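The residues making up each chain are set out below.
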Amino acid sequence: MSEEREPRGVGAVETGIGLLHHVIAAGGALSAAELGARSGLSKGQVHAYILSLTATGLLARDEAAAGRYRIGETGLRLGLARLQRMDAHALAMEEVTATARDLGQGIALAVWGTSGPTVIGAHPGNERMRSSARPGSIYSITGTASGRVFAALLPEAMVRRIHEHQVATAGEGLYFGSCPPMAEIGAELDRIRAQGLATSYSWPQPGASAVAAPVRNFQGELEMVLSLFGPDPEMELDLSGPHVRAAVALADRISAKLGYCAQALRQKG
Amino acid sequence: MGDSRARARQKGVQSIDIAGRLLEVFLQEDRPMMLRDLAAAADLGTAQALAYLHSLKRLGLVRQVAQSARYELAEGCLELAGSVLHQDPEQERLIIAAQQLSDETGEMVTLDRPVGTEVVTVHVSQGRQRLAIDTRAGQVNDDANSASAQILGGRGGAEGVLHCAGLPVPHMSSLAMGVPGPDGLPVAALTVIGRPEQVTGDPRSPLLLALRQAVRALQDGGGA
Numbered sequence: 001m002s003e004e005r006e007p008r009g010v011g012a013v014e015t016g017i018g019l020l021h022h023v024i025a026a027g028g029a030l031s032a033a034e035l036g037a038r039s040g041l042s043k044g045q046v047h048a049y050i051l052s053l054t055a056t057g058l059l060a061r062d063e064a065a066a067g068r069y070r071i072g073e074t075g076l077r078l079g080l081a082r083l084q085r086m087d088a089h090a091l092a093m094e095e096v097t098a099t100a101r102d103l104g105q106g107i108a109l110a111v112w113g114t115s116g117p118t119v120i121g122a123h124p125g126n127e128r129m130r131s132s133a134r135p136g137s138i139y140s141i142t143g144t145a146s147g148r149v150f151a152a153l154l155p156e157a158m159v160r161r162i163h164e165h166q167v168a169t170a171g172e173g174l175y176f177g178s179c180p181p182m183a184e185i186g187a188e189l190d191r192i193r194a195q196g197l198a199t200s201y202s203w204p205q206p207g208a209s210a211v212a213a214p215v216r217n218f219q220g221e222l223e224m225v226l227s228l229f230g231p232d233p234e235m236e237l238d239l240s241g242p243h244v245r246a247a248v249a250l251a252d253r254i255s256a257k258l259g260y261c262a263q264a265l266r267q268k269g
Numbered sequence: 001m002g003d004s005r006a007r008a009r010q011k012g013v014q015s016i017d018i019a020g021r022l023l024e025v026f027l028q029e030d031r032p033m034m035l036r037d038l039a040a041a042a043d044l045g046t047a048q049a050l051a052y053l054h055s056l057k058r059l060g061l062v063r064q065v066a067q068s069a070r071y072e073l074a075e076g077c078l079e080l081a082g083s084v085l086h087q088d089p090e091q092e093r094l095i096i097a098a099q100q101l102s103d104e105t106g107e108m109v110t111l112d113r114p115v116g117t118e119v120v121t122v123h124v125s126q127g128r129q130r131l132a133i134d135t136r137a138g139q140v141n142d143d144a145n146s147a148s149a150q151i152l153g154g155r156g157g158a159e160g161v162l163h164c165a166g167l168p169v170p171h172m173s174s175l176a177m178g179v180p181g182p183d184g185l186p187v188a189a190l191t192v193i194g195r196p197e198q199v200t201g202d203p204r205s206p207l208l209l210a211l212r213q214a215v216r217a218l219q220d221g222g223g224a
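Residue numbers (our numbering), protein chains in the order written: chain C, 1 to 269; chain S, 1 to 224.
Note that these hints are calculated values from the structure, not bench results. Among the hints, a few may not be true.
Listed next, the in silico BS3-like pairs over lysine-lysine satisfying Cα-Cα at most 30 Å (straight line) [said to hold, decoys possible]:
| id | chain 1 | residue 1 | chain 2 | residue 2 |
| --- | --- | --- | --- | --- |
| 1 | S | Lys-57 | C | Lys-257 |
| 2 | S | Lys-11 | C | Lys-257 |
| 3 | S | Lys-11 | S | Lys-57 |
Quick list of simulated restraints, FRET-style, between CB atoms [stated by the list, open to error]:
| id | chain 1 | residue 1 | chain 2 | residue 2 | range |
| --- | --- | --- | --- | --- | --- |
| 4 | S | Ala-217 | C | Ser-240 | 39 to 49 Å |
| 5 | C | Ala-55 | S | Arg-36 | 42 to 52 Å |
| 6 | S | Arg-36 | C | Ala-25 | 33 to 43 Å |
| 7 | S | Pro-89 | C | Tyr-201 | 18 to 28 Å |
| 8 | S | Ile-96 | C | Ala-194 | 18 to 28 Å |
| 9 | S | Asp-43 | C | Glu-156 | 33 to 43 Å |
| 10 | S | Ile-96 | C | Gly-18 | 28 to 38 Å |
The structure presented is a predicted model; accordingly, all values stated were derived computationally and were not measured. Ideal Cβ placement from N, Cα and C applies to all residues, glycine included.
Given the sequences, and given the hints that come with them, work out the whole structure.
Right under this line is the structure:
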């Protein structure tokens, strides 16, 4: 089938639309001369590309920025259309499944629900290890690695009320993991904020260890937390070890697919 | 591939215009599309369309849906939108205003604005509690589910403020206010969403005062 042949592409499209990447990388509007300097194109070529890119709305002239060029309204429409149509959880599970198969370890995804961290999907990897968490399970906020990532990175007011409810109902078997008071893990939460991840060795499930890492979305918010888990003897919890690096790389990859861009969002504290 | 740079002409670059046409087709159709349908909609031959799609894939703007012959917009588009929202000082001011209003009131605040022919949510600040509704950037709004859409459609109440009980869902309420542009017409809307007992239509409510103050601060700072 002709559709399966590797096509040649259109060089002028890649060169022209590639100019948009220079604008994004610059972090602000660029003049035609600056676009030329960054791309290596001549003044005439840049002018021609700018004419067409502004006509399509991919680039816009910003009079407030001395006539420099920004990404235009069509760029916003394309991104918002992608956000609207994107199934973030399905995208994340695609990546989780591929990584779990490669690594052989189990991986679970949890989102912040109205009762706390709620598992939305899991892949067992190649392990035959029994895991008590399944889609719909609710993690303890303070007694699981994933729960602690949520506790460390979400606004305190958002976490407190649900944590208090978990503590009050801890004896009812509703949550995966015990529910120690938040005050007992204050130093651990600081460490999670500094390292950007949490680990657990042989708890809350005896014999199982986990690395939990945050996945962020287009707005930079915590969208979900993934945890990579396996039997204690197999899991290396050292920060430079393969399992920690794999969990962080997976979280970063999913975050990028969800549109998280630390550079564009800047640091807002 | 040839010397693509030599193709740049004084009157623009035709292939950029064609790529723009293809991207416009993706915007108009909200489902993944087959090559032949894309080509027909963009008035291109299939071989020509395939060449363009290959380049758009390399640029990260289009992707082929896994295990299918259909194409859809890809995550590279999110970078473009992120650039508009976070590198344009005017857009950034609007987002910061929404965030500050949410921080101050503790409620969910959305920033909505016309994008193309639709009113789209471009930012959501969740507030102190995550509500049991899925409101996120990229959501398209209409009069039936959004106070902002009504405001931006010129159906705002007195002083451009609108209180809607039961929107966006029956057990929630919304309080929206337009952000006027230089000509006085609303170019965006800030909407507070929360429980009905918190988000009321009371003209003296602290929430409404905070909303008015946020919009006034945007105007005083040079407008949207």
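A quick look at each hint next to the structure:
1. Lys-57/S - Lys-257/C: Holds - the C-alpha atoms of Lys-257/C and Lys-57/S are around 14 Å apart, at most 30 Å.
2. Lys-11/S - Lys-257/C: violated, 36 Å
3. Lys-11/S - Lys-57/S: holds, 26 Å
4. Ala-217/S - Ser-240/C: 39 to 49 Å: holds, 47 Å
5. Ala-55/C - Arg-36/S: 42 to 52 Å: violated, 27 Å
6. Arg-36/S - Ala-25/C: 33 to 43 Å: Cβ of Arg-36/S to Cβ of Ala-25/C: about 36 Å, so the range 33 to 43 Å holds.
7. Pro-89/S - Tyr-201/C: 18 to 28 Å: The hinted range 18 to 28 Å is violated for Pro-89/S and Tyr-201/C, with Cβ atoms some 48 Å apart.
8. Ile-96/S - Ala-194/C: 18 to 28 Å: Hint holds: Cβ distance 26 Å, inside 18 to 28 Å.
9. Asp-43/S - Glu-156/C: 33 to 43 Å: Violated: the Cβ-Cβ distance is about 56 Å, outside 33 to 43 Å.
10. Ile-96/S - Gly-18/C: 28 to 38 Å: holds, 31 Å
Hints 2, 5, 7, 9, counting from the list given before, are not met by this structure.
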